[in-house]
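Note that the protein sequences, when read in sequence, are chains A and B.
Take the first sequence: its letter number 162 is residue 162 in my numbering, and every next letter is one higher.
Take the second sequence: its letter number 245 is residue 1245 in my numbering, and every next letter is one higher.
Note that these hints are calculated values from the structure, not bench results.
There could be a bad hint or two in this list.
Claimed, not checked - Facing chain A, a subset of chain B residues (Cβ under 10 Å, in silico):
1. GLY1009
2. ARG1012
3. VAL1013
4. ARG1096
5. ILE1101
6. PRO1105
7. LEU1256
Said to hold, decoys possible - In silico DMTMM-like cross-links for lysine to aspartate or glutamate, where the CA-CA straight-line distance does not exceed 25 Å:
8. LYS133(A) to GLU1198(B)
9. LYS1258(B) to GLU27(A)
10. LYS1258(B) to ASP18(A)
11. LYS189(A) to GLU201(A)
It should be emphasised that the depicted structure is a prediction, and the values quoted were computed from it without experimental measurement.
Glycine is no exception: its CB is placed at the ideal position from the N, C-alpha and C atoms.
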Amino acid sequence: MPPLLEVVGLSKRYRTQDGGWLEAVHEVSLSVAAGECLGLLGPNGAGKSSAIQCITGFYPPSGGAVRLAGIDVHADPKRARRTLGVCSQEDTLDSDFRVLDQLARHATYFGVPGREGERRARALLERFGIADKAAELVESLSGGMRRRLQVARALVSQPSVLVLDEPTTGLDPGMRRALWAILQEERGKGAAILLSTHYMEEAERLCDRVALLDRGHIRDLGAPRELIERHAGSAMVEEEVRPGFVWRRPPNLEDVYLKLTGARLDEAAAS
Amino acid sequence: MSSGGALWGVGRVWLRYFDVFRKSAPYYLVTTFTEPFLYLLAFGFGVGSLIGSLEANGAQVSYRSFVFSGILGQTVLFQGFYEASYGGFVRMYYQRIFQAIAVTPITLSEVLWGELAWDASKATLAAVIIAAIGVATGDFPLRAPLAIMPVAFAASLLFSGMGLAVAARARTIEQISYPQYLLVFPMFLFCGVFFPVESLPGWLQWVAWALPLTAVNSLMRTLTLGFPFQPWAIPILAAWLVALVLYSRRAMVGRLVK
Chain A
1 MPPLLEVVGL SKRYRTQDGG WLEAVHEVSL SVAAGECLGL LGPNGAGKSS
51 AIQCITGFYP PSGGAVRLAG IDVHADPKRA RRTLGVCSQE DTLDSDFRVL
101 DQLARHATYF GVPGREGERR ARALLERFGI ADKAAELVES LSGGMRRRLQ
151 VARALVSQPS VLVLDEPTTG LDPGMRRALW AILQEERGKG AAILLSTHYM
201 EEAERLCDRV ALLDRGHIRD LGAPRELIER HAGSAMVEEE VRPGFVWRRP
251 PNLEDVYLKL TGARLDEAAA S
Chain B
1001 MSSGGALWGV GRVWLRYFDV FRKSAPYYLV TTFTEPFLYL LAFGFGVGSL
1051 IGSLEANGAQ VSYRSFVFSG ILGQTVLFQG FYEASYGGFV RMYYQRIFQA
1101 IAVTPITLSE VLWGELAWDA SKATLAAVII AAIGVATGDF PLRAPLAIMP
1151 VAFAASLLFS GMGLAVAARA RTIEQISYPQ YLLVFPMFLF CGVFFPVESL
1201 PGWLQWVAWA LPLTAVNSLM RTLTLGFPFQ PWAIPILAAW LVALVLYSRR
1251 AMVGRLVK
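The shape of chain A in the complex, shown without the other chains (with noise of 0.2 Å):
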């Protein structure tokens, strides 16, 4: 069975304010099978983004090919997206909606016929846990429940491959939990997640694969623990985070992060 979502050697080059160019994304490859859950990390800078307007084809690519169930999203965008949920890492709710007809009116831009939006519009309101907040405008929300209303806005059209760039930034803990809870579900089901995250403990958890993005190459993909015993070992790791207090612990997921990347602080500054 072919992959939902296939990425082959995808490059995306900008011109620069000063004529030159700058390559953001160089020739990346990856795939997510349906049920699958990838994760995209990498510094600010890395590229993410660039992939990701690539991949859900609001950009079109220098090079290479994005297939959405099969169907290449840049030759063919209105088919191949009628398979896609896209959670963005901006805040692009339709303010001018209230939150059950923000809903409902996204469902329509995919076709679905309007009572049976609304129905989707209320399951998912209830499941996000903002089922009390139909009747109210996006501007009244909290920046958690806007969160969780843009990545419900994207499970509206029942995608089988799911976007989502850092969809649980702003939120805490426990929102944090319960929107895992939803794309383990959501993959139970046979979705395709390709997601974006700054939260290594994210990634550990949810992802079955994780793809290290820096300067627009990909520096290793693998599964979490794969990538773990392949660039930090398995010896403790020691750290002294606070003066005279020593933390040992089990080389992880930001170790490799931190190797690979070469992330140092004047790049975590400008983040």
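Using the hints provided, position chain B relative to the given structure of chain A.
Below, chain B without anything else, positioned relative to chain A:
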């Protein structure tokens, strides 16, 4: 319904705007009609009572009717431009609605056509209602609201294209003020809304005719007041329409898509 055709996508976007309009109808009605009404009252009835009638383009007409007809052009200019420039900027930059819809089966191209089609529809509706009021006051013939529709829609689309192009080029919402003061207001004042373009100095007449609102006003007066048809108004309108619609879409795609 299938989510196949481009027209379906444009229609979905248009319906989104219509639903927002429908839900906030009182707000839109107040903001859409207050301004033209005030101009009508002040210039049509106020200044009109002082001036009486005037001769323009070889026709004799009451000043009130002259201004009434000019208000049709002003309405499509302001409605089209403001909805697409300020409204378009808010939807593109703050609400990110274009970006949200353009990752569904509706393409960015369809989103932008939907935006222009709605902006033009709303401005056309405003002009048709103003024309109906002109019928009620006895300034326009009964057929005027229907007769102006094609010109009103083309002109609304043109000014919506102008607005969307401005939204695409503006880095901040404040920058929209530049074309507003340097292009829209001069058109409003010098392109025949309040006085015949022929009363301007020769060189300024050329400038006025180079701008699209003069052509719009000329066609509106032919349709509502029976002024002689000035055939060059059609190519001027068509050239601006094609140029602005194509440029606005290109500029907005260039702004959003790297």
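Now for the hints, and whether the structure bears them out:
Interface restraint check: GLY1009(B) against chain A, minimum CB-CB distance 7 Å, threshold 10 Å, status holds. At about 6 Å, the closest approach between the beta carbon of ARG1012(B) and any beta carbon in chain A falls short of 10 Å, and the interface hint on this residue holds. Checking VAL1013(B) against chain A by beta carbon gives a least distance of about 9 Å; that is within 10 Å, so the hint holds. Using the Cβ-Cβ criterion of 10 Å, the hint placing ARG1096(B) at the interface with chain A is satisfied: the shortest such distance is roughly 4 Å.
Restraint check, ILE1101(B) versus chain A: the minimum CB separation of about 6 Å is within 10 Å; hint holds. Checking PRO1105(B) against chain A: minimum C-beta separation of about 5 Å stays under 10 Å; hint holds. The beta carbon of LEU1256(B) comes within 8 Å of a beta carbon in chain A, closer than 10 Å, and the hint placing it at the interface holds. About 60 Å separates the Cα atoms of LYS133(A) and GLU1198(B), which puts this hinted pair outside 25 Å; it is violated.
A distance of roughly 17 Å separates the Cα atoms of LYS1258(B) and GLU27(A); the hinted pair therefore holds under the 25 Å criterion. Using a Cα cut-off of 25 Å, the hinted pair LYS1258(B) and ASP18(A) holds, with the two alpha carbons roughly 16 Å apart. Proximity of LYS189(A) to GLU201(A) is assessed by CA-CA distance (about 23 Å); at most 25 Å being required, the pair is judged to hold.
Checked against the numbered hints given earlier, the structure breaks only hint 8 and satisfies all the rest.
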